[in-house]
Every structure is written in C-alpha cells, then in structure tokens.
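Asker: Based on the hints, put chain B in the right spot on chain A.
Going down the list, the protein sequences come from chains A and B. The first sequence begins at 69 in the numbering used here and counts up by one. The second sequence begins at 45 in the numbering used here and counts up by one.
Just so you know, the hints here were simulated from the structure itself, not pulled from any lab data. Wrong hints could be hidden among the right ones.
Said to hold, decoys possible - Derived list of chain A stretches under chain B, where covered just means 3 residues or more per stretch with a C-beta under 8 angstroms from a C-beta of chain B:
hint, segment
1, 230-237
2, 375-389
Unchecked claim - Some, not all, of what chain A presents toward chain B, calculated at C-beta under 8 angstroms:
hint, residue
3, His72
4, Ile73
5, Arg77
6, Met128
7, Arg134
8, Gly137
9, Thr139
10, Arg158
11, Glu264
12, Met466
13, Phe476
Even for Gly, the Cβ is constructed at its ideal location relative to N, Cα and C.
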Amino acid sequence: MVMHIIDRRLNPGGKSLENRQRFLRRAKALVQGAVKKTSQDRDIKDVLEGGEVSIPLDGMDEPRFRREGGTRDMVLPGNKKFIEGDILPRSGDGSGRKSGPGQGDSEDAFRFVLSKEEFVNLFLDDLELPDLAKRKFAEAESEGLVRAGYSTSGSPANISISRTVTRAMARRVALRRPRPEAIAEFEAKIAEETDEEKKAALVAELEALKAKAKRIPFIDPIDIRYRRFEAVPKPIAQAVMFCLMDVSGSMSEHMKDLAKRFYMLLYVFLTRRYRHVEIVFIRHTDRAEEVDEQTFFYGPASGGTLVSSALQCMHDIVRSRFRPSDWNIYAAQASDGDNATSDSENVARLLTDNILPVSQFFAYLEVGESGTYSFEMPDSALWSLYERLRANGQPLSMRKVRDRSEIFPVFHDLFQRRGTTQERAAS
Amino acid sequence: MSGLLFEGADWNFLTLQRIHDACENVAQKELGLDTYPNQIEVITAEQMLDAYSSVGMPLFYKHWSFGKHFAYHEASYRKGLMGLAYEIVINSSPCISYLMEENTATMQTLVIAHAAFGHNHFFKNNYLFKQWTDADGILDYLDFARGYIAQCEERYGRVAVEHTLDAAHALMSHGVDRYPGKKKLDFREEEKRAGKRRLYEEGTFNDLWRTVPTGPVKTSAVLNVERRKALLGLPQENLLYFLEKTAPRLAPWQRELLRIVRHIAQYFYPQGQTKVMNEGTATYVHYRIMNRLHQEGRLTDGNFLEFLQSHTNVVFQPEFDDPRFSGFNPYALGFAIMQDIERIVKDPTEEDREWFPDIAGTGDEMAVLRDVWANYRDESFISQFLSPNLIRQFRLFHLHDDPAERAGILVDAIHDERGYRRIRRELSKQYDVGYIDPNIEVVDVDLAGDRRLMLRHTVVKGAQLSETDTKRVLQHLADLWSYDVSLVEVDAATDKVLKEYVLNPRIQPAAA
Chain A
69 MVMHIIDRRL NPGGKSLENR QRFLRRAKAL VQGAVKKTSQ DRDIKDVLEG
119 GEVSIPLDGM DEPRFRREGG TRDMVLPGNK KFIEGDILPR SGDGSGRKSG
169 PGQGDSEDAF RFVLSKEEFV NLFLDDLELP DLAKRKFAEA ESEGLVRAGY
219 STSGSPANIS ISRTVTRAMA RRVALRRPRP EAIAEFEAKI AEETDEEKKA
269 ALVAELEALK AKAKRIPFID PIDIRYRRFE AVPKPIAQAV MFCLMDVSGS
319 MSEHMKDLAK RFYMLLYVFL TRRYRHVEIV FIRHTDRAEE VDEQTFFYGP
369 ASGGTLVSSA LQCMHDIVRS RFRPSDWNIY AAQASDGDNA TSDSENVARL
419 LTDNILPVSQ FFAYLEVGES GTYSFEMPDS ALWSLYERLR ANGQPLSMRK
469 VRDRSEIFPV FHDLFQRRGT TQERAAS
Chain B
45 MSGLLFEGAD WNFLTLQRIH DACENVAQKE LGLDTYPNQI EVITAEQMLD
95 AYSSVGMPLF YKHWSFGKHF AYHEASYRKG LMGLAYEIVI NSSPCISYLM
145 EENTATMQTL VIAHAAFGHN HFFKNNYLFK QWTDADGILD YLDFARGYIA
195 QCEERYGRVA VEHTLDAAHA LMSHGVDRYP GKKKLDFREE EKRAGKRRLY
245 EEGTFNDLWR TVPTGPVKTS AVLNVERRKA LLGLPQENLL YFLEKTAPRL
295 APWQRELLRI VRHIAQYFYP QGQTKVMNEG TATYVHYRIM NRLHQEGRLT
345 DGNFLEFLQS HTNVVFQPEF DDPRFSGFNP YALGFAIMQD IERIVKDPTE
395 EDREWFPDIA GTGDEMAVLR DVWANYRDES FISQFLSPNL IRQFRLFHLH
445 DDPAERAGIL VDAIHDERGY RRIRRELSKQ YDVGYIDPNI EVVDVDLAGD
495 RRLMLRHTVV KGAQLSETDT KRVLQHLADL WSYDVSLVEV DAATDKVLKE
545 YVLNPRIQPA AA
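Isolated chain A (complex conformation) (with noise of 0.2 angstroms):
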C-alpha cells in the first residue's frame, strides 16, 4: 500500500492564536480584573513580565447537561480486605471517590498563562493620554512625507517608470502605433517579393507604416508620471521622562517605594505610547542633581527641602537636552509635600514661565505613610501651593496616596479615557 510522509515542521505555527484572542476578547473584562488582582501584589516591574493569571469560570463555562447524586455503582480494581457485605464509611479514603487536586481546582478557577504583550495590553488598556496632553500633543508636531498617487509634474527622480510605461503602451496601442515586429515582417515580404508592380505597393505601404511610427513616439511627455508625496503631520515617536523626588530626611523608605511604583507604571505607559521613551532622574533636597536610577531610589542623601532647585534642574536639561519641539516632555513629581516657604513663589515662577507651557503633563504625587487615610492628612505646604496653581488654570494633576494599593487607582484615575467617563456621565 502506498505510504506517504509529510513533513508539517515547517507549517506556520500559531493556528491557534485566532481562537486564543477570541478567548481573550470575550474573557476581557474577567482577565483585566484578574491583571489588576495580579499586578497588584507583584512588584510593578514584574508587571512587563507577563505571567499566569486566573478567572472566574463563571460565564466562560460551557455548560452541558450533568447529573449528580443518586445512586452510585462502581466497579474498582485493587481489592486487598474487601468481602461481599461489607459497609465502608464514607468519609474515609476505602471510597475511592477522592478526587485529584487538578481538578477539584478546575472547578472554581481557570488558570492560563498571559504573555508579556497581552498582559501590558490588557493592563493599560482602558487608560488614554488625557486631554490635556492632546493640546499640546497637536503643537509639537514635525511634518512626514507619504506618498499620494500620482501627479503630471515633478522632479525627473520621482518619475513613476511603470505608471509611465504603462500609459505610454495604452496610448501606442490606441492609436495603433505599428510594431517594429510588424514592420520587420513587412522589409522581409518585400525582399522575398518577385512582382515589381506589387513590391512597389508594398513598399510604399511600409513608408506609410514607418510613417506612422515616427509620428507617434513610443514614449510622449503626456504618458510621464511622477510620484506624488504629501506631507502629513507626523507626531512625534519619542518622550522623554522626568521622574522628580524629594529625598531629604522626610521621606520614608515607604514613601519611596510608592513613588517608585508610580514611576514604573507611568514608564510602562509612556513605552506603549511612544517608540522612543529616555527617563531622566532628578533627586533633590535644598539642592537638586540627576543620577542614575540606583542613586535615585536608594543613594542616601540629607538636608533640607527646596523643590524649586529640581525645577531648575528639570528646565536646564530641557533646554540642554531635549527640545520641546523634538520630544513629549512628561513629569512626574513625587514628594510628601515639605518646602521651604521661602521657596514658593520660585516654584510657582518656574512652572508657570517655564515647565508647564513645554510638558505634555505634570503630575504631584504627594505620598504619606501608610494607615492614615489620604482625606485626613492635612494639606501640606507643596499641596495648597500647586492647588492654587491649579485654580489659575495651570495644567496640573495631583494625587494623595498613602498605599501601596492605591497606586493603581490613582493611576487609572489620572489616565482615564475621557470618552468613557463621558458616555457614563451621558447614560
């Protein structure tokens, strides 16, 4: 009998990814809680990671028609004791009836593994540029070239040789241009022609033919066709983000640790958004310097509190650095709300001139210890002043969080897409 062997190795994988995203899509909101759930007792940088998550069945369940209880027969290998007659009690291993710890655990929950692009993408998934952004967003825009069909005039290097050839042959077969084969054809019937009355009519049929040829070029200045570009505004692919912290003697490990949070979650974000994403870390107490993110987060430092020094940092590296024209220029700041009241109006100067009208956004995080609930902590002095900021129309945002769990939250809140929010205030 006639076998055959195929060879399947090299078939495109994958053929399952069709029904898996069809899984995801219709397990969606189930799995974004779950991402949530999950994301919030690891650490944010393990957020990138991917990993196993777990859902509900409920609602993702195919449900058949079963039956329980009632009478049980069964029949079991493996009888060591057992006579006809004897009663086994139920609770004990004799039934046999335990059930493994796979599937008593399927039962309630299913548990799958995310990769690292699906989970960031259903983790961040409901959360937009605010529309803050969008405003200056449209200004720091640069122009590209696309292309745009084709168009009669332009530089010989953009000349479209198929587009041109291919109107040339439409035209020379309109106007039935004769062939150089057809002419050729022509020579060799007159050579072979005998009849002198005859060639002399051939020939003068050829004169007409070649004629005609020279009359209609092969290719017309009409039939050229240059490439056309248009240009577009191109938004700019590359931020840049200044993470601020006030590391004076204030600021606990744990305050620390929630700034941190922030920071990552707001850098995971910013990839998604942007090709290009450069972090810079600037660290002060009553003076500011950039470091590197081991010195930023755990590099010890002392002294007093003067936020307008990382202000100052933060606008000469902007000017040093990175245009505001060529980058989107996003701050967060994280501080537990000390300065100098010496130092306010500085702070206020700079971010009204300088910072704020060149950043796509600026957040304050004002972080607490935790156990004390954000509404009850008084406002600090940083907190009213950029309130005050606030209501003179600056674009600021600014939170409280005291808790690790309240990162997220606060997160969301800041990024929510506004088209959301706004059907929900509407139905």
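Answerer: Same frame as chain A, but now just chain B:
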C-alpha cells in the same frame, strides 16, 4: 527480513518508510489487518498543542472555546504538569497519524504500529465507525464547515455566530442519533408488506377476537396530540436535529450551523463508545508487531527494552487506593482483555471452556479478535469477554453507594464465584452510553398556546441534573427556540415529577 531497521535514537524519513513497511508486513501477513492507506505527518510540540485544542482535527472552525482549551493545555504543558501524546490519529481515509518530532526511532516504531495499523484497522472495520462516520468525506466536510462559518461571521457578524455556536455546543452531547434512521419504504414495498399481513390475518382468522372488548375509544383531544407528535417526530432525543428542523424563528444559516455541530458530534459519537476497545486494539497490535520485529532481529535489545518501558507505562493500571487512580485506564483494560482472549483461544482452562465455549481452544486468536474488533463496542465487549480470570487478576470489586443508606457504602460483589457476573454487568454498564448520558427528550410543543417546548428527563437511580449547568443549557436552548422552554425531571420508576425548570429566551439583537 533482513537487518536492523535503525540503530540508536535518530531517524529520518527513510527510516520512517522502512519502519512502516516492516510494520505493514507483520500487520498484513501475521495479523491479517485491513487498513486505510496511511499518511504520516511529522509535527512539532506546538502543533501538537494546536491539534489538542481542536479535538485533534487538522482543520476546524474558529471558536473561543478552542482558545480556552489551548490556553489551558499550554499552561499545564509549560509548567510540566502534562506531557503531550506521542501521536494523534484521525479516522479518515487516508488515515492521518501525527507523530511528534521529538520521539525517538523506537517511539516512532511503536507509534506507527499503534496508530497507523492498530487504530487504523479499528476505524475501518468496527461496525460503529462504519455505520456513523464517513472516513472519506470528513476532511472535506470540516473544510466546508470552516469556510461556511467564516462566511457567516462576515455576513451576519461574529457575535451572532458565536451565540449560535455556543448554544449548539451546549447541546452537542444531545445532538446525536443513537439509532440509524428507519428507511422509508417505497410504495411497492409497502404494498407487499400489507399483502403479507393480510395473508397472515386470513391464515390465523378467528371470529372470537371480534368479541374481545377493546380499550376505550380515543377522544379527539388525544388523537390531536398523537397527530401533532407524529408530525413533529416526537418524542425526539436528538435535540439539535429537532431544533434544526422545527425551531420557528431560526435563520437558514443558523440551521446550517446546528447541522454542522450535529454532524461533528455524530462523527465523534463512536469514539466515545469504543475507547477501551480502540486503545486496546491499538495496544495489542503494537505489542504483537514490536515483539515480532524484535524476534526477527530488526530491533536491537536496547530499543526493545525502551519500547517495553513505555509500553508498561501505557498499560499501567493504578489500584483504587493509589493517589494516581482516576478510573480505569482504557489502554490497560482493553489490552488485558484482548491478551486474555488470546490466552483463552490458545490455552484455555476448564473455567474458560465453561465461560467461553464458542472461542475456547479454537486456536486462531486473530480470527476471533478480528471478529471482536468488528462487531463490538465497549459495553458489549466487556459484558462478553471480561473473564473470571481477569476479574481475579485486577481484583475487581463492586461498590453500591446509596445516599439513603446512612451506614456507608456497600461492597456488593468481589472477585469470587458469586460476584463474577455482577461485576461484569456493572462494569459494562459504566461504559454504556445509555447510562452515561442523561436521557432527555423533546416530548411536546404547545402549538395552540405559547409555543412552549417541553422536555423531559427520565431520572434513573435518582441522579438528577445539576442545577446551574442545566439552567445555562436550557437558556441556550430557549434562545434557539425563541419561546419558553420547560424541562421536567421524572423518576423512571415511579413517574413522579421531581423538578421542573422553565426558561424564557433572552432578547437577541435582531438575529431573528
């Protein structure tokens, strides 16, 4: 018959061809197997996972539930909780066997003998497969189904199609015909039959019968009901068929979807009824072939030991108190019974002669086995061929668990003279689809009133339907029917109504 088939663990396509030819030689000459042509496809682990989630078929329509299974399998495979099968075989002609690329040469030999000859022979010859499946057409049909469903999604929207498929999947287990349909007689046949009846009546005429009182005259109401039931083909246990033919507000494409799901359910119906036999056959065949190849010197001792090791794993049956126990291993049970048949045929004891007078000592075990493979399913196979010898070997016992009995579970029978027949009967019942699937039928439709569809579950041994699942399934059913649906659970013995469900259809977005 010469030389080793291969050495070591490596193989290439030439090796596979050699292995196949060697196996074929044994299968045809010695075992007398009759198979479909083989097609062997080599696949990767990822492709195996893909195949898992689409019930092993090479092409299948798209549905989220397959994605769910894929996600589940992938997670447990990645974590190492689950190994993958060495092969998947498809009941089609040519018979397609998928082999994993990471199998060693010995494993490939085992798998080819197992799938390409064992399963293949069973698919081609077993009466259930012959009756219910069309091996030549299945791949074309699946191709059609996939295309049709994709087209429907384009035209009517993915949500509507998904809705219909969800509902159809929920009813899939009740979308099979359990008996081949009665063929309609043509007029000539009908006339012939009527003539025969008349002759019989004339031959046995006795005027006394006229005086025997008949039952009460049927009222017109009863006649009406009977007529309605006859017109609707009731009672009907194939719910999908009933909906496809009579649901009042389904669009034609929805009917076609139900039909596709029903056909696929029907295609898989024999596989559920022949797990023990199918795996037993394949295991028995690979065991014979591998032994013969080794005897002929075509496998090295090392390779043969490797084979024995995985064979032993395959036919391992943990005992009931073993933590690994999860019911009977169909490979173990099927293989054991078939080996036992071989023993009975070749070397019977007195007991065997008494229990199996037809086959004991006839000498040709292959003839007996081929007949068994062709004409039995799990339930009849066990109730015929589970011998006392095997019951003792497995030390089987029968438990009877009656919730009304406070004291505990009764050991009803053990492997002794009094217990053999009872154990055999009970074990065969565990494999009887008639007992496994709940018996649910459409009994009536309220045509004069609110068009309610009435179903009835005949409760056997007090096992009622689980409530949450039933409500969900009935909800799907009501959505398809688009009017109310009711289900009563009636005790088979006492005719007492135990429970009643009524569900209203959800309003669907202008699908009707």
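Asker: Using the nearest Cβ pair, does threonine 139 (chain A) come within less than 8 angstroms of chain B?
Answerer: Status holds, d = 5 angstroms.
Asker: Against chain B, run the beta carbon of isoleucine 73 (chain A) and see if the smallest gap drops under 8 angstroms.
Answerer: holds (5 angstroms)
Asker: How about arginine 134 (chain A): closest beta carbon in chain B under 8 angstroms, or not?
Answerer: Holds, about 5 angstroms.
Asker: Going by Cβ atoms only, is methionine 128 (chain A) closer than 8 angstroms to chain B?
Answerer: Given a least distance of 6 angstroms, the restraint on methionine 128 (chain A) holds.
Asker: Count the residues of the segment 230-237 of chain A whose CB lies closer than 8 angstroms to any CB of chain B, then report whether that count reaches three.
Answerer: Three-residue rule not met by the segment 230-237 of chain A, so violated; n is 0.
Asker: Report holds or violated for the interface hint on histidine 72 (chain A), using the least CB-CB distance to chain B and a cut-off of 8 angstroms.
Answerer: holds (5 angstroms)
Asker: Against chain B, run the beta carbon of arginine 77 (chain A) and see if the smallest gap drops under 8 angstroms.
Answerer: Status holds, d = 5 angstroms.
Asker: Does phenylalanine 476 (chain A) hold up as a contact with chain B if the rule is Cβ-Cβ below 8 angstroms?
Answerer: violated (25 angstroms)
Asker: With 8 angstroms as the cut and Cβ atoms as the points, is arginine 158 (chain A) at the interface with chain B?
Answerer: Hint on arginine 158 (chain A): holds, closest Cβ of chain B at ~5 angstroms, below 8 angstroms.
Asker: Can you verify the interface hint for methionine 466 (chain A): is its Cβ closer than 8 angstroms to any Cβ in chain B?
Answerer: Violated: closest Cβ of chain B sits about 41 angstroms from methionine 466 (chain A), beyond 8 angstroms.
Asker: Does the CB of glycine 137 (chain A) sit less than 8 angstroms away from some CB of chain B?
Answerer: holds (6 angstroms)
Asker: Can you verify the interface hint for glutamate 264 (chain A): is its Cβ closer than 8 angstroms to any Cβ in chain B?
Answerer: violated (71 angstroms)
Hint check: violations occur at hints 1, 2, 11, 12, 13; the rest are consistent with the structure.
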